[in-house]
Amino acid sequence: MKLLRKIILYAALVIIAAVTLVPLLWMVSASFMPAGHASTFPPRFIPDVVTFEHYVSLFTRLNLARYLFNSAFLSVTVTVIALVVNSMAGYAFAKFRFRGKDGLFKLLLSSMVIPAQVTMLPLFLMLNKMGFINSYMGVIIPGMASVFGIFLIRQFMQSIPDSFIEAARIDGAGDFEIYWKLILPLCKPILITLAIITFMGTWNDFLWPLIVMTDDTMYTLPVAVANLSLEHVQDTELMMAGSVITIAPVLILFAAVQKYYISGIMAGGVKE
Amino acid sequence: MRAKGHVRIAMIFLAPALIAIGVFFVVPVIAAFILSFTDFDIYSLGNWRYVRFVGVKNYTDLFGDPLFWKAIKNTMYFLIVGGPLSISVSLGAALLLQSKGVRLKGLFRTAYFAPVVTTLVAVAVVWRFVYHPRFGLLNYALSFVGIGQIDWLGDPAWAMPAIILMAVWKNFGYNMVIFIAGLQNIPDELYEAANIDGAGKWQQFRSVTLPMLAPTTLFITIITMIGYIQLFAEPYVMTQGGPLNSTLSIVLLMYQHGFRWWNMGYSAAVAFVLFAIILAASIVQSQVSKRVKAL
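Residue numbers (the numbering used here), protein chains in the order written: chain Z, 1 to 272; chain F, 273 to 567.
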């Protein structure tokens, strides 16, 4: 009876794992198959012959290195800027007292029900006037500050005792020194969490880069892959190689730092 | 002890974030509202002097547009079928992982979570081939249980279910992790007490687990709803809204009007309808949560 229960339990666990992983594994496998080999019945799961031709043509013929650079550069830049901007604001909300603070914070939180899509049309027109359409600035500007980031950091900073700050002040440290040399190092775990969330969010974002990057030299990977997939409908193996290159960096990053990422989601989820 | 200078320094710390949010979020929201009452189109894009106020014309046009209602219906289909399905799968997976005596828990959790971090566009490309009527993995798997070929993305009746299935695959891991956190917060004593009272497994689930998870479930319901209502990349990559507009979503409609045909006034009206739906649903859910707490 107990054994049966265990068998059923593990069978269920393994089946779910298979369903989540098989599409990803098949993507990797198909990306190494010669053209046409993915389109057979029954489907091939392992390539008969391993070829790198699709990766080669993505980088030589289809400009993928450029998209990879665009994605990496934008994700890193947005992450760095967002960390500084959000942690500064989070610090002000957590450790300073001024009139209207709680009201302002509540106002910011309630703005989270407004979907980003609402801002996209005027933002496009504004950035167009500023000459930022089809430039890195077009993606960086809307990513600089996020209410969610401010919230996450504020919650964490509130747990830092005021006495630490007072002590540093008595030792003669200025406000910016305290923020930079005392507060930020103490906030390392939450900063790492926010960095991962921001990096992945920017890397995976699709709709806004699709709108703002109108020239194909400025595409990010998701935009480039979407475009390729609509133009090269028949080239299954090539598309899989493009998908692998898009997904691999975030998946590797996740594997390396999953503890921080998952704890961040849990922290956001169990707040009362 | 620290008064005047204190406030000024707080303002300096706040300024970058508040300016960025003010200029690039608040102003666009207001501008979008105004835009939705104009006939802003491709000519206005060249010269803003061509813009005219047209009152509520965009909204009345919208409500008279069968395509708009189609998009609403499709998005609601995705939300009402996909949302609960995704949440149930998340809860089921969380309960499985948290059951007693599971080894390699971390490994399974990582596997279940992997699709969450993947790039939506790239996995949508992969799933397009998973759904291939002749060579796809899904029809191959179904052939073992005697189900014949289904043209998942080519049949208007199956295209939305296919998109729902992929969306559940992609994001059940996210809510699963939040459910696990919720489950870990339930004190063991409650189960022990239920055990002493002679409650079976199913009764324990109904009278301990579910009520204790209520706040978590509510939170998950809200974030899932807000996410699902913004359906865009899946139909964009997999079906382009077809076949026969059966997967046209609200955001896809907004994108097409705004950025493909440059009917920006009309598109802004679509965006505000989206906002209104999210706002209304959030209010309803927060009311429900107040009731639940009061009980």
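To be clear, the hints were calculated from the coordinates, so they are not data collected in a lab.
Since the model is a prediction, treat every value here as computed from it, not as a measurement.
Yeah, the Cβ is synthetic: ideal placement off N, Cα and C, and Gly gets one too.
Heads up, some of the hints might be wrong.
Stated by the list, open to error - Examples of chain F residues toward chain Z, derived with CB under 10 Å:
hint	residue
1	Ala289
2	Phe297
3	Phe380
4	Tyr446
5	Ala471
6	Gly472
7	Gln476
8	Arg563
What the hints assert, rightly or not - Here are the simulated lysine-lysine pairs, DSS-like style, with alpha carbons at most 30 Å apart:
hint	chain 1	residue 1	chain 2	residue 2
9	Z	Lys181	Z	Lys129
10	F	Lys562	Z	Lys106
11	Z	Lys6	F	Lys377
12	F	Lys562	Z	Lys259
13	Z	Lys129	Z	Lys188
14	F	Lys345	Z	Lys2
15	F	Lys473	F	Lys345
16	Z	Lys259	F	Lys345
17	Z	Lys101	F	Lys329
18	Z	Lys6	F	Lys562
19	Z	Lys6	F	Lys345
20	Z	Lys6	Z	Lys106
21	F	Lys329	F	Lys345
22	F	Lys342	Z	Lys6
23	Z	Lys129	F	Lys377
24	F	Lys562	Z	Lys2
25	Z	Lys106	Z	Lys2
26	Z	Lys95	Z	Lys106
27	Z	Lys181	Z	Lys101
28	F	Lys377	F	Lys329
29	Z	Lys259	F	Lys329
30	Z	Lys188	F	Lys473
31	F	Lys329	Z	Lys2
32	Z	Lys6	Z	Lys95
Results of checking the hints against the structure:
no.	hint	result
1	Ala289	holds, 4 Å
2	Phe297	holds, 6 Å
3	Phe380	holds, 5 Å
4	Tyr446	holds, 7 Å
5	Ala471	violated, 18 Å
6	Gly472	violated, 14 Å
7	Gln476	violated, 15 Å
8	Arg563	violated, 17 Å
9	Z:Lys181 to Z:Lys129	violated, 39 Å
10	F:Lys562 to Z:Lys106	holds, 18 Å
11	Z:Lys6 to F:Lys377	holds, 14 Å
12	F:Lys562 to Z:Lys259	violated, 33 Å
13	Z:Lys129 to Z:Lys188	violated, 39 Å
14	F:Lys345 to Z:Lys2	violated, 47 Å
15	F:Lys473 to F:Lys345	violated, 39 Å
16	Z:Lys259 to F:Lys345	violated, 39 Å
17	Z:Lys101 to F:Lys329	violated, 40 Å
18	Z:Lys6 to F:Lys562	violated, 40 Å
19	Z:Lys6 to F:Lys345	violated, 43 Å
20	Z:Lys6 to Z:Lys106	violated, 48 Å
21	F:Lys329 to F:Lys345	holds, 22 Å
22	F:Lys342 to Z:Lys6	violated, 47 Å
23	Z:Lys129 to F:Lys377	violated, 53 Å
24	F:Lys562 to Z:Lys2	violated, 42 Å
25	Z:Lys106 to Z:Lys2	violated, 52 Å
26	Z:Lys95 to Z:Lys106	holds, 16 Å
27	Z:Lys181 to Z:Lys101	holds, 25 Å
28	F:Lys377 to F:Lys329	violated, 57 Å
29	Z:Lys259 to F:Lys329	violated, 52 Å
30	Z:Lys188 to F:Lys473	violated, 42 Å
31	F:Lys329 to Z:Lys2	violated, 67 Å
32	Z:Lys6 to Z:Lys95	violated, 51 Å
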